[in-house]
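2 protein chains.
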Amino acid sequence: MTRLFNDPAAFADEALEGFAAAHRRWVRPVTGGVVRAAATPAGQVAVVIGGGSGHYPAFSGLVGRGLAHGAAVGNVFASPSAQQIRSVARAADGGAGVLLMYGNYAGDVLHFGQAAERLTADGVETVTYAVADDISSAAPGEAAKRRGIAGDLPVFKAAAVAAEQGLPLAQVASVARRAGERTRSFGIAFSGCTLPGADHPLFTVPEARMAVGLGIHGEPGIGEQSLPTADEAARLLVDTLLKELPVDVPAPGGQRAAVILNGLGSVKYEELFVVYRKVAALLEEAGVTVVDPEVGELVTSFDMAGVSLTLTWLDERLEELWRAPADTPAYRKGALGEPGPASEPAAPVRAAEETEQPAVPEASEASRQAATTVLAALAALAATVDAHEDELGRIDAVAGDGDHGIGMRRGSTAALRAARAAQERGAGAGTVLIHAADAWADRAGGTSGALWGTVLRAVGAALGDRDAPTAGRVAEGVAEASAAVRRLGGAEVGDKTMVDVLVPFADTLTAAVAAGAGLTGAWDRAAGAATEAAAATAALLPRKGRARPHAEKSLGTPDAGAHSLALITRAVHGALLDHPHDQY
Amino acid sequence: MTRLFNDPAAFADEALEGFAAAHRRWVRPVTGGVVRAAATPAGQVAVVIGGGSGHYPAFSGLVGRGLAHGAAVGNVFASPSAQQIRSVARAADGGAGVLLMYGNYAGDVLHFGQAAERLTADGVETVTYAVADDISSAAPGEAAKRRGIAGDLPVFKAAAVAAEQGLPLAQVASVARRAGERTRSFGIAFSGCTLPGADHPLFTVPEARMAVGLGIHGEPGIGEQSLPTADEAARLLVDTLLKELPVDVPAPGGQRAAVILNGLGSVKYEELFVVYRKVAALLEEAGVTVVDPEVGELVTSFDMAGVSLTLTWLDERLEELWRAPADTPAYRKGALGEPGPASEPAAPVRAAEETEQPAVPEASEASRQAATTVLAALAALAATVDAHEDELGRIDAVAGDGDHGIGMRRGSTAALRAARAAQERGAGAGTVLIHAADAWADRAGGTSGALWGTVLRAVGAALGDRDAPTAGRVAEGVAEASAAVRRLGGAEVGDKTMVDVLVPFADTLTAAVAAGAGLTGAWDRAAGAATEAAAATAALLPRKGRARPHAEKSLGTPDAGAHSLALITRAVHGALLDHPHDQY
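Chains as they are written, first to last, in our numbering: chain U, 3 to 586; chain L, 3 to 586.
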C-alpha cells in the first residue's frame with residue numbers, strides 16, 4: 003500500500019516536484035509535466051510521452067537524451083489533460099513537430115487526441131501514437147483495442163532515437179508504428195496496490211492464486227490459476243508470447259528480440275532474476291536470440307505484485323534503435339559522452355488558461371441570478387463526489403483502472419472553484435458552467451475529466467448569459483451533452499458506460515419538460531430514470547474474480563461512470579429543491 | 003512476500019544465474035559470485051564487495067566500471083562463506099591486492115575476515131573494511147558496532163574510483179575509511195518481507211505504525227510511532243541525521259553532501275519523490291548543498307516497506323569520487339565512453355575444495371565404524387533443523403536478521419552430504435566430521451555457518467581417525483569447540499548467544515564423563531543443561547514490539563542460535579540411543 007503522502011489529492015503534484023528536484027541534470031519542470039534540461043535542438047522532432055502517475059519510471063523517468071523530449075504527467079492513474087499535454091509539447095517543440103506517444107487507454111486517447119488538435123491549431127505539426135502491446139486485453143483481430151503496458155519503453159525509444167537522428171515527423175511516426183506492431187507483452191499478477199489515501203487495494207487476487215493477463219491497474223485478465231513456480235511462470239509468459247507472432251515472423255526460430263521482464267512493484271529483483279533464468283533458456287530453446295535484455299521495474303503500478311514479459315521482434319533497424327544509448331533519470335544505457343553545455347532553458351510555456359484569467363462576458367441580471375443556482379448545483383455535485391470517492395474508485399477497479407473516484411473529486415473540486423471565481427466576477431449561468439467545464443477537464447484528466455468537461459460545456463452553451471434559463475433550455479443542453487458524449491467517446495447505450503445513464507436521463511428530462519413539468523419536477527423524474535439505468539448497467543458488469551475473455555473498456559470507466567452520474571443527478575435535484583426559481 | 007521461486011533452497015543460486023544471464027555485458031559468474039566482464043587491469047587494486055542475497059542491487063548489481071570489481075553473493079540474508087569470498091577475490095585480483103568491503107554484520111565480519119586470512123596466505127595482499135552507517139544501531143560512542151545499510155554505496159564507490167585511479171591498496175583502504183566515517187544513515191519501516199518458501203513475514207509492524215531505526219532485515223529499531231505524513235517522515239530522517247555530524251563537521255551549514263533516499267522494496271518511486279521533495283527543502287534550509295542525489299532502490303530487503311536516508315558529508319576529494327561516472331548493471335552514472343575491448347576473460351578461479359575431492363586419510367576399522375554413528379548423529383541434526391527451519395527463522399527475526407533457519411538448513415544438509423561422501427570413501431570419524439565442518443561453513447555462510455564449522459571441526463580433530471572415540475575424547479572435543487566459538491565470536495556467557503548454551507553443555511558433558519557416565523548418559527544430562535540454558539537465554543531477550551535502545555547483536559543470532567543448539571543436542575542424543583557402541 004501507499005503509506006507516505008501528505009494530502010492524497012496533492013500526491014501526483016508533490017511527487018513530480020520531488021522527482022524534478024532530484025533530477026535537475028536531466029529534466030526541468032514545466033506546466034503539466036517535465037521536458038529535458040536542454041532545449042530540443044532546432045529542427046528535431048520532439049517525442050512527448052505521458053500518462054497517469056503511479057507508473058514510475060513511466061513516464062517522467064524516461065525523459066532525456068536517447069529517449070523522450072518531454073512527459074505530460076497526469077494525476078494518479080489518470081491521463082494528463084489535453085491542456086497539460088499541450089503545455090509540455092509546446093515546451094518540448096523544436097520547430098519540427100511533435101509525436102505524442104502514450105499507452106492505449108480511453109482517457110489518454112481522448113486527451114492526447116484533443117491536445118493534438120489544439121497543437122495543430124497552434125501551428126505545431128502533431129501526430130499521435132498509442133502503444134497497444136498487451137495481448138491479453140483484446141483478440142489479435144482487435145489489436146488496436148489493446149492496452150499499453152511495458153511495451154511502451156521499446157516503442158518510445160525507437161521513435162526517440164529516430165527523432166534524434168534527424169528524421170522528419172512522418173518517418174519518426176512510421177518508426178513508432180513499426181516498433182509498436184512488433185512489440186507484444188503479457189503479464190500475471192498476485193496482488194494490487196492501494197492508492198494514496200485509499201483504504202482498500204484496487205483489486206485482490208485470492209491467496210496462492212495468480213491472475214493471468216491482468217492490466218497494470220487491475221483491469222480484468224483472461225483467467226486465474228494457482229500460484230506457479232518461477233519456472234512455470236516463465237513458461238507461461240514465453241509460450242503465450244510465442245503463440246502470437248507478428249505477421250512477418252511466421253514461426254519462432256532464427257529471430258532476434260529485445261526482451262523486457264518487468265516487475266510491477268513488489269515482485270522484487272531476485273525473483274525477477276529467477277524467472278528470467280528460465281525465460282532466457284526457453285527463448286534460446288525456441289531459437290530466439292535475446293538482445294540487450296532488461297530485467298527490472300520499468301512500468302510499475304505502485305506496489306502491485308505482478309510481472310510482465312515484453313518481446314520486440316527486431317529487424318536490423320529496430321535493433322539499432324533498441325541498442326542506442328540513452329541517458330534519463332531512470333533508464334541509462336551505453337555511452338553518450340558528456341552532455342553538451344545545456345542550451346539556455348526555454349521559459350516554461352504556461353497554458354494560457356492558467357496565466358490569464360478566462361474572460362467573463364457581460365451577463366443579464368437574470369442570468370447572474372441563475373448562476374447562484376448553478377453554483378449550488380455544482381457544490382452539491384462536488385459534495386456527493388467527495389462523499390463517494392472511495393466507493394467510486396472501488397467500483398471502477400472492478401473493470402477499469404480505479405481512478406474514477408480520484409478523478410471525479412479533482413475535477414468537481416476544480417470546477418466548483420472556477421465556477422465560484424467566475425460568479426464573483428459577475429458571470430452569467432452559461433459562463434459559470436463553461437469555466438467549470440474547462441477547469442474540470444484540465445485538472446481531472448482521465449476519461450471522466452474529458453467527458454464531464456463536455457457535459458458542463460454543452461449545458462453552459464445552451465443556457466448562455468443573456469436570458470434567464472428555462473426548463474426547456476436546460477433540457478436542450480442536457481440533450482446536447484448526451485449527443486456530444488456519445489460522439490466523443492464512441493459509445494452507445496448498452497456499451498456499459500455513462501452513456502447508458504446519460505441517454506435515459508436526457509430523454510426523460512426532455513419528455514417531462516415537453517409534458518409541461520417544471521425543471522425541479524422534471525429533473526426528479528429524470529434522476530429516477532438515471533438511477534434505474536445505473537442499476538441495470540451495474541447488473542451487466544462482471545464482478546471481481548470472474549474472468550472475462552477480453553477487457554471491455556470503451557469509455558474507460560463503465561459502471562463507475564454510470565454510477566457517479568446517477569448519484570450526481572440526484573444531488574443536483576437536491577440543490578434545485580433548495581434553490582427554487584420562479585422561472586423554472 | 004516472495005512468490006516466484008522454484009526450490010527455496012536454490013533461490014539465491016538461481017537468482018544469481020538469471021542476473022548473470024541478463025547482464026553479460028557487465029559481469030561474468032565465478033564460483034561464489036560475479037566479477038566484471040573485463041579482467042581487472044594489472045596493477046589495479048580490486049574492490050570486492052559482498053553480502054547476503056535479497057538486497058539487490060546490493061551486491062551483484064554494483065559490479066562494473068567505476069564501482070566494484072567483484073561481488074561475493076551469499077544465500078538469502080546470509081553472509082557469503084569465506085570460501086566464496088576467496089574465490090571471487092582470486093578471480094578479481096589484478097595483482098595489486100584486494101580491498102574486501104561489506105556491511106558490518108557478525109556473519110560478514112567473520113567470513114570476510116577468514117577470507118582475508120586465506121587470501122593473505124595465498125599471497126594476495128588483502129585489507130577489509132566494514133561499512134557501519136546506520137546510526138540507529140549503536141550509540142555514537144560505539145560507532146564501530148553499527149550496521150551497514152544504504153551507506154554501502156557511497157563508501158564502495160569512493161574506494162572503487164580511488165582504485166581505478168591507480169592508488170595502492172593502503173590508500174584505497176584509507177579512502178574507504180574516510181568515506182565511511184563521513185557517511186550516516188537512518189531508516190524507518192512499515193512492514194517486513196517474507197522470504198522465499200517462508201509462511202510468515204520476518205517481522206511485522208502494527209497497522210498505521212512505523213518502526214524507527216529498523217534494520218534492513220528487521221533487526222530492532224529504537225522506537226515505534228504512528229504513521230507519519232510524508233513531510234513528517236522527511237523531517238524525522240533529516241533531523242536525526244543532522245543531530246549526529248562527523249567530528250570535523252561541527253554544525254550543519256555551508257557543507258555539501260551526497261544524499262541517498264533509499265526504498266527498501268515496497269515504498270515505491272512516487273512515494274519516495276514526495277518524501278524527497280521535503281528532504282531537499284529541509285537540507286536547503288539547514289544550509290546543506292545536495293550533490294548528485296539518488297532517490298530509488300539501492301539496497302533492498304525483498305519487498306520490505308521501508309525507507310532510509312543517507313548523507314555522505316563531502317570534502318573536495320569525496321565529492322570528486324561521488325560524482326565520478328559508473329557503469330554497472332544497476333547503477334549507471336555519467337559518461338564513461340564505450341568499454342574497451344574486453345580483456346580475455348580469465349578462467350573462473352574455482353575453489354580448491356570444489357574442484358578437488360578433499361583428501362580422506364587412512365582410518366582404523368574402529369574409527370570407520372564410529373563414523374556410522376557420526377553420520378547418524380549428523381542425519382538427526384539435519385532432520386531436526388529441517389523440521390524447525392521456519393521456527394528458527396522467526397525466532398531469529400525478533401532480534402536478528404531472520405536468516406538462522408535458512409542458514410542452518412543449508413549448512414546441515416551440506417554437512418550431511420559431505421559426511422556421507424567421506425564415509426563412503428572409507429573415512430574415519432574425525433575426517434567425516436571435518437569434511438562436514440568445511441561443507442557447512444562453505445555452503446551456509448552467515449554467522450552460524452562459521453560457528454558450526456568451528457564446532458564440528460573441533461570435535462572431529464579430537465576424535466581423529468585412529469582410535470575408537472571414547473566418551474572422554476568427545477567431551478574434550480566439545481570443550482575445545484566451546485572455547486573456539488568463544489574466541490571466534492568474541493562472546494561470553496550472558497551475551498545471549500549460542501555461547502550461553504554451548505558452555506553449560508560442554509561443562510556438564512565433561513563433568514558427567516569425569517564422574518564415570520557413558521557417552522549416551524552424559525550427553526543426555528548435558529542436553530538437559532542445554533535446554534535449560536536456552537530457555538533462560540530466551541527469557542532475557544526482547545520480544546517483538548518492545549523497542550530496545552540499541553541492537554545487541556554480537557554473534558549475529560542470539561536466541562535462535564542458542565535455541566537451535568539445544569534442539570540439536572537433544573536430536574543427537576536420540577541418534578546415540580539408536581546407535582549404541584560398546585566403547586561409549
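Fair warning: there could be bad hints in the mix.
[As the list claims (entries may be wrong)] Covered stretches of chain U (chain L as the covering partner; in silico rule of three or more C-beta atoms under 8 Å from a C-beta of chain L):
# : segment
1 : 126 to 140
2 : 265 to 278
3 : 426 to 438
[Stated by the list, open to error] If the Cβ cut is set under 7 Å, some of the chain L residues that face chain U in the computed set are:
# : residue
4 : Tyr58
5 : Val111
6 : Thr231
7 : Phe275
8 : Asp305
[What the hints assert, rightly or not] Below, computed lysine to any residue pairings styled on SDA-like, alpha-carbon distance capped at 20 Å:
#  : chain 1 : residue 1 : chain 2 : residue 2
9  : U       : Lys335    : L       : Leu338
10 : U       : Lys245    : U       : Pro208
11 : U       : Lys245    : U       : Ala283
12 : U       : Lys335    : U       : Ser366
13 : L       : Lys335    : U       : Glu296
14 : U       : Lys335    : L       : Arg325
15 : L       : Lys335    : U       : Ala326
16 : U       : Lys245    : U       : Arg258
17 : L       : Lys335    : L       : Pro295
18 : U       : Lys335    : L       : Gly225
19 : L       : Lys335    : L       : Val293
20 : U       : Lys335    : L       : Ala328
21 : L       : Lys335    : L       : Ala146
22 : L       : Lys335    : U       : Ala328
23 : U       : Lys335    : L       : Glu494
24 : U       : Lys335    : L       : Asp294
25 : L       : Lys335    : U       : Leu284
26 : U       : Lys335    : L       : Ala40
27 : U       : Lys335    : L       : Gly68
28 : U       : Lys335    : L       : Arg27
29 : L       : Lys335    : L       : Ala40
30 : U       : Lys147    : U       : Val126
31 : U       : Lys245    : U       : Glu209
32 : L       : Lys245    : L       : Lys335
33 : L       : Lys335    : L       : Ala361
34 : U       : Lys335    : U       : Ala283
35 : U       : Lys245    : U       : Val214
36 : U       : Lys335    : L       : Ala326
Bear in mind the hints are in silico, worked out from the structure with no lab data behind them.
None of these values were measured; they are calculated from a predicted model.
For every residue, glycine included, the Cβ atom is placed at its ideal position computed from N, Cα and C.
Now for the hints, and whether the structure bears them out:
Proximity of the segment 126 to 140 of chain U to chain L, defined as three or more residues with a beta carbon under 8 Å from a beta carbon of that chain, is not established by the 0 residues found. Counting residues of the segment 265 to 278 of chain U whose C-beta sits closer than 8 Å to any C-beta of chain L gives 12, which meets the bar of three, so the coverage hint holds. With 0 residues bearing a CB less than 8 Å from a CB of chain L, the segment 426 to 438 of chain U misses the requirement of three and the coverage assertion fails. For the restraint placing Tyr58 of chain L at the interface with chain U, the shortest Cβ-Cβ distance is roughly 4 Å, inside the 7 Å limit, so the hint holds.
Among the interface hints, the one on Val111 of chain L is violated; its C-beta lies about 23 Å from the nearest C-beta in chain U, farther than the 7 Å criterion. For Thr231 of chain L, the interface hint holds, since its Cβ comes within 7 Å of a Cβ in chain U; the closest pair sits about 5 Å apart. A least Cβ separation of about 3 Å between Phe275 of chain L and chain U falls short of the 7 Å threshold, and the interface hint therefore holds. Satisfaction of the interface hint for Asp305 of chain L is found here, the shortest Cβ-Cβ separation to chain U being roughly 5 Å, below the 7 Å cut-off.
Of the supplied pair hints, the one linking Lys335 of chain U and Leu338 of chain L holds, its CA atoms being roughly 11 Å apart against a limit of 20 Å. Taking the CA atoms of Lys245 of chain U and Pro208 of chain U, the gap is about 28 Å. The hint is violated against a cut of 20 Å. Note on Lys245 of chain U and Ala283 of chain U: the hinted pairing holds, with a Cα-Cα distance of about 17 Å set against a maximum of 20 Å. Restraint check for Lys335 of chain U and Ser366 of chain U: not satisfied, since their Cα atoms lie roughly 63 Å apart, outside the 20 Å limit.
For the suggested pair Lys335 of chain L and Glu296 of chain U, the alpha carbons sit about 17 Å apart, so the restraint of at most 20 Å is met. Pair hint Lys335 of chain U plus Arg325 of chain L holds up; C-alpha atoms about 18 Å apart against a cutoff of 20 Å. Pair hint Lys335 of chain L plus Ala326 of chain U holds up; C-alpha atoms about 16 Å apart against a cutoff of 20 Å. Annotation: proposed proximity of Lys245 of chain U to Arg258 of chain U holds, straight-line Cα distance about 16 Å (limit 20 Å).
Of the pairs offered as hints, the one joining Lys335 of chain L and Pro295 of chain L holds, with about 11 Å between alpha carbons and a cut-off of 20 Å not exceeded. A hinted pair counts as satisfied when its Cα atoms are at most 20 Å apart, and Lys335 of chain U with Gly225 of chain L does not qualify at roughly 42 Å. Between Lys335 of chain L and Val293 of chain L the CA atoms are separated by roughly 13 Å; this keeps the pair inside 20 Å, and the hint holds. Between Lys335 of chain U and Ala328 of chain L the CA atoms are separated by roughly 11 Å; this keeps the pair inside 20 Å, and the hint holds.
Our distance criterion of 20 Å between C-alpha atoms is broken by Lys335 of chain L and Ala146 of chain L, whose separation comes to about 31 Å. Taking the CA atoms of Lys335 of chain L and Ala328 of chain U, the gap is about 11 Å. The hint holds against a cut of 20 Å. Taken as a hint, the Lys335 of chain U and Glu494 of chain L pair is broken in the structure, with Cα atoms around 52 Å apart against an allowance of 20 Å. The hinted pair formed by Lys335 of chain U and Asp294 of chain L meets the criterion: a straight-line CA distance of about 18 Å does not exceed 20 Å.
With a CA separation close to 33 Å, the supplied pair Lys335 of chain L and Leu284 of chain U exceeds the 20 Å bound. Under the criterion of a C-alpha separation no larger than 20 Å, the hint pairing Lys335 of chain U with Ala40 of chain L is consistent with the structure, at around 18 Å. A distance of roughly 15 Å separates the Cα atoms of Lys335 of chain U and Gly68 of chain L; the hinted pair therefore holds under the 20 Å criterion. Between the alpha carbons of Lys335 of chain U and Arg27 of chain L the distance comes to roughly 11 Å, so the proposed pair stays at or under 20 Å and holds.
Of the supplied pair hints, the one linking Lys335 of chain L and Ala40 of chain L holds, its CA atoms being roughly 19 Å apart against a limit of 20 Å. Distance restraint check for Lys147 of chain U and Val126 of chain U: the Cα-Cα separation of roughly 28 Å exceeds the 20 Å cut-off, and the hinted pair is therefore not satisfied. Only pairs whose Cα atoms come within 20 Å are accepted, and Lys245 of chain U paired with Glu209 of chain U is rejected, the gap being roughly 29 Å. Restraint check for Lys245 of chain L and Lys335 of chain L: the C-alpha separation of about 30 Å exceeds 20 Å, so the hint is violated.
Our distance criterion of 20 Å between C-alpha atoms is broken by Lys335 of chain L and Ala361 of chain L, whose separation comes to about 49 Å. Using a Cα cut-off of 20 Å, the hinted pair Lys335 of chain U and Ala283 of chain U is violated, with the two alpha carbons roughly 24 Å apart. Annotation: proposed proximity of Lys245 of chain U to Val214 of chain U holds, straight-line Cα distance about 16 Å (limit 20 Å). A C-alpha spacing of about 16 Å is found between Lys335 of chain U and Ala326 of chain L, which places the hinted pair at or below 20 Å, so the restraint holds.
In terms of the numbered hints stated before, the structure departs from hints 1, 3, 5, 10, 12, 18, 21, 23, 25, 30, 31, 32, 33 and 34, listed from lowest to highest.
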